[in-house]
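Chemist: If you want the building blocks of each chain, they are given just below.
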Amino acid sequence: MMENDTLYDKVWRSHSVHERDDGMTLLYIDRHLVHEVTSPQAFEGLRIAGRAPWRRDSILATADHNVPTTDRSQGIEDPISRRQVETLDENCRDFSITQFPMLDVRQGIVHVIGPEQGASLPGMTIVCGDSHTSTHGALGALAFGIGTSEVEHVLATQCLLLKKSKNMQIRVDGRLPPGVTSKDIILAVIGRLGTAGATGYTAEYAGAAIRALSVEGRMTMCNMSIEAGARAGMIAVDDTTLEYVAGRPFAPQGTMWDQALAYWQTLKSDAGAKFDAVVQLDAGDLKPQVTWGTSPEMVTDVDGVVPQDDSVDHRNALQYMGLQPGTPIEAIEIDKVFIGSCTNSRIEDLREAAGLIQDRSVADNVKLAMVVPGSGLVKRQAEEEGLDRIFKSAGFEWREPGCSMCLGMNADQLEPGERCASTSNRNFEGRQGKGGRTHLVSPVMAVGAALHGHFVDVRKWMP
Amino acid sequence: MRPFTRLETTMMPLDRSNVDTDAIIPQQYLKSVKRTGFGKYLFDNWRYLDPGTLDMDPGQRRTDPDFVLNQDAFAGAEVLLVRENFGCGSSREHAVWSLLDHGFRAVIASSFADIFCSNSYKNGLLPITLQAEEVNELFEQVAQDPAFSCVLDLEKQVVRGINGRVFSFEISAFHKHCLLNGFDEIDLTLQHEDKIRAYESQMKQAFPWLFP
Chain A
1 MMENDTLYDK
11 VWRSHSVHER
21 DDGMTLLYID
31 RHLVHEVTSP
41 QAFEGLRIAG
51 RAPWRRDSIL
61 ATADHNVPTT
71 DRSQGIEDPI
81 SRRQVETLDE
91 NCRDFSITQF
101 PMLDVRQGIV
111 HVIGPEQGAS
121 LPGMTIVCGD
131 SHTSTHGALG
141 ALAFGIGTSE
151 VEHVLATQCL
161 LLKKSKNMQI
171 RVDGRLPPGV
181 TSKDIILAVI
191 GRLGTAGATG
201 YTAEYAGAAI
211 RALSVEGRMT
221 MCNMSIEAGA
231 RAGMIAVDDT
241 TLEYVAGRPF
251 APQGTMWDQA
261 LAYWQTLKSD
271 AGAKFDAVVQ
281 LDAGDLKPQV
291 TWGTSPEMVT
301 DVDGVVPQDD
311 SVDHRNALQY
321 MGLQPGTPIE
331 AIEIDKVFIG
341 SCTNSRIEDL
351 REAAGLIQDR
361 SVADNVKLAM
371 VVPGSGLVKR
381 QAEEEGLDRI
391 FKSAGFEWRE
401 PGCSMCLGMN
411 ADQLEPGERC
421 ASTSNRNFEG
431 RQGKGGRTHL
441 VSPVMAVGAA
451 LHGHFVDVRK
461 WMP
Chain B
1001 MRPFTRLETT
1011 MMPLDRSNVD
1021 TDAIIPQQYL
1031 KSVKRTGFGK
1041 YLFDNWRYLD
1051 PGTLDMDPGQ
1061 RRTDPDFVLN
1071 QDAFAGAEVL
1081 LVRENFGCGS
1091 SREHAVWSLL
1101 DHGFRAVIAS
1111 SFADIFCSNS
1121 YKNGLLPITL
1131 QAEEVNELFE
1141 QVAQDPAFSC
1151 VLDLEKQVVR
1161 GINGRVFSFE
1171 ISAFHKHCLL
1181 NGFDEIDLTL
1191 QHEDKIRAYE
1201 SQMKQAFPWL
1211 FP
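Chains A and B are the protein sequences, given in the same order.
The numbering of the first sequence is my numbering, which starts it at 1 and goes up by one.
The numbering of the second sequence is my numbering, which starts it at 1001 and goes up by one.
Hint data in this document are derived by calculation from the structure and do not stem from the laboratory.
Here the structure is a predicted model, which means the values were calculated and not measured.
Please note: incorrect hints may appear among the correct ones.
Covered stretches of chain A, as calculated for chain B (at least 3 residues, CB under 8 Å) [claimed, not checked]: (1) 26-34; (2) 140-149; (3) 153-163; (4) 359-365; (5) 393-399.
Each pair of labels, with its calculated beta carbon distance range [said to hold, decoys possible]: (6) Asp1187(B) with Thr255(A): 52 to 58 Å; (7) Asp1145(B) with Asp57(A): 57 to 63 Å; (8) Asp89(A) with Gln1060(B): 32 to 38 Å; (9) Gly1039(B) with Pro101(A): 32 to 38 Å; (10) Lys166(A) with Gly1039(B): 48 to 54 Å.
Subject to a maximum C-alpha distance of 30 Å in a straight line, what follows is the list of computed BS3-like cross-link-like pairs (lysine-lysine) [stated by the list, open to error]: (11) Lys1040(B) with Lys163(A); (12) Lys1204(B) with Lys268(A); (13) Lys10(A) with Lys1195(B); (14) Lys1176(B) with Lys164(A); (15) Lys1156(B) with Lys164(A); (16) Lys1156(B) with Lys268(A); (17) Lys166(A) with Lys1204(B).
We put the CB at the ideal spot given by N, CA and C, even for glycine.
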């Protein structure tokens, strides 16, 4: 029986505290990541009930959604944003929770700093009041987003009451062509499955193309699992995972490392594992992807056209996006470019993006092209490698770390009607600002669009 | 949590699929540190023509008369009727808080996103999943008679429409029990405090690196 388990089955079982007769499981949570937007009401709930956090050392907090990406030495200008960040500071102080405050070099997007610090480890259960918590599954962890009531529940009990999901394998064989990235794989997967295609499943990404990805590339894939409806996405532990984790500040050291390693090496689906659904793609067939609508499933190849469809949702999307069916994707001009977010703001993303610039400049019709590193440490690393100079001399703005224009809770927003090539994860109506039009792409595709002022097929431009 | 048993009410039809939580409540309102007061921002980008912020008075903003929430016929409806994959995207519980604060107590859809569904249960908002054809039938009933009242009976797990139409729905025994009684899940979990402590002692031996 043991040899037929999926990776998800294994991590789930090892965290089951109690199985109820009604099919619900009390699941133990190892790591709780906290940010300023979805936690204040949970801390308030704890206070009202007179409860304390069950395990303070399981919690790591940072402010990422509201923080400015320009000079922050003077604090946050918007009083409402400032109040929310100060509330997190107060809660962390009152409950003795480890926090990386805004001016700490370790501050950043919660889904970037967890893995970066080794606070997210293989085999862990990891939660955060944020749907993109699925990111951490790239390390062989079971990681998923929760609501604020669940944040309070984990704070108070270290557990969640959950029903186990079904297992889906998303198998990507073959080899990615130059100019095609893990972002294009996941966008193609979402295009295939639809935004609800994996609802009720935990997705495991497998196959040669996934094994060939770096941990950063794998995080991009797991990050967007939720855009296909899957609350969690996972990838088996291999040498790439272990090399990534080794030596990070919160990772085990010495004999503890050896002990952990022996366990982590078992974190893969068994040969006879049973999946309730299997989806297969060949990486070699993939082209750079561009979304054209208001849902991540509305995506096509860069050499394609805006599709024709008579459904109400399709018509609403095209009207909002200001596009006509049949328009070639490469003919779509853009106003702004955003390189950042928990999907694509890690060092590898910035290296790939900078690599395409080659002494060229941002096109005249592009009003703003900005690069927002995922953390203070990513920013510092990029600056040590000289990437900031490449971006700045091409006309990109080089900013401080945070969620930024992925959702525009800080000052970084689109104006009504503005069209943006964005490396983020959601192209919903109003996501980057009321009336803003978002096209999701990979970092190299965003740079290509910035340099030409419209989408281009970067396969023709790769160095 | 307010218990949910039986409800007789009109419905507000919102004929859309994949309604995401950004549409239910946009990002600028997530800056509030409270759980209450979100109802006036429900579907903000669709109901108002001009942009808003937390410190603006919504009464001063221009509303879109074509949007269903602004139509008198549906004022007071306690059930929202939508198509598939309602509540997808962001995990923001503010989406559920804004629906409840506006006065909705249940949502009927042909499918829901996972996180939205669990957030609903935690706050006493009843998510009812019906077959797509049944949802369609309800849309037709509301189109014919916006004033028609349906009955939601959680105990019997049925929605009663007009002409004797009865649609049954599934719900887990656990969530039904919690909703009917208005139970707080934290209290239920803390009944197993000894099991959690026993699990932790066991794991400290097996996976010591998780307990630095």
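Chemist: The structure should be examined with respect to each hint, and the outcome stated for every one.
Modeler: Taking the hints in turn, this is what the structure says about them:
1. 26-34: holds (count 3)
2. 140-149: holds (count 5)
3. 153-163: With 7 residues in contact (Cβ-Cβ under 8 Å with chain B), the coverage given for the segment 153-163 of chain A holds.
4. 359-365: violated (count 0)
5. 393-399: violated (count 0)
6. Asp1187(B) with Thr255(A): 52 to 58 Å: Given a distance of about 41 Å, which is not inside 52 to 58 Å, the answer is violated.
7. Asp1145(B) with Asp57(A): 57 to 63 Å: Once the Cβ atoms are compared, 59 Å apart, the range 57 to 63 Å for Asp57(A) and Asp1145(B) holds.
8. Asp89(A) with Gln1060(B): 32 to 38 Å: Holds: the Cβ-Cβ distance is about 33 Å, inside 32 to 38 Å.
9. Gly1039(B) with Pro101(A): 32 to 38 Å: holds, 33 Å
10. Lys166(A) with Gly1039(B): 48 to 54 Å: Roughly 35 Å apart at Cβ, these two residues miss the hinted range, so it is violated.
11. Lys1040(B) with Lys163(A): Violated: Lys1040(B) and Lys163(A) sit about 33 Å apart, past 30 Å.
12. Lys1204(B) with Lys268(A): Distance ~23 Å between Lys1204(B) and Lys268(A) Cα, so the pair holds.
13. Lys10(A) with Lys1195(B): Holds, at roughly 20 Å.
14. Lys1176(B) with Lys164(A): Holds, at roughly 18 Å.
15. Lys1156(B) with Lys164(A): holds, 25 Å
16. Lys1156(B) with Lys268(A): Since the Cα atoms of Lys1156(B) and Lys268(A) sit roughly 43 Å apart, the hinted pair is violated (cutoff 30 Å).
17. Lys166(A) with Lys1204(B): holds, 29 Å
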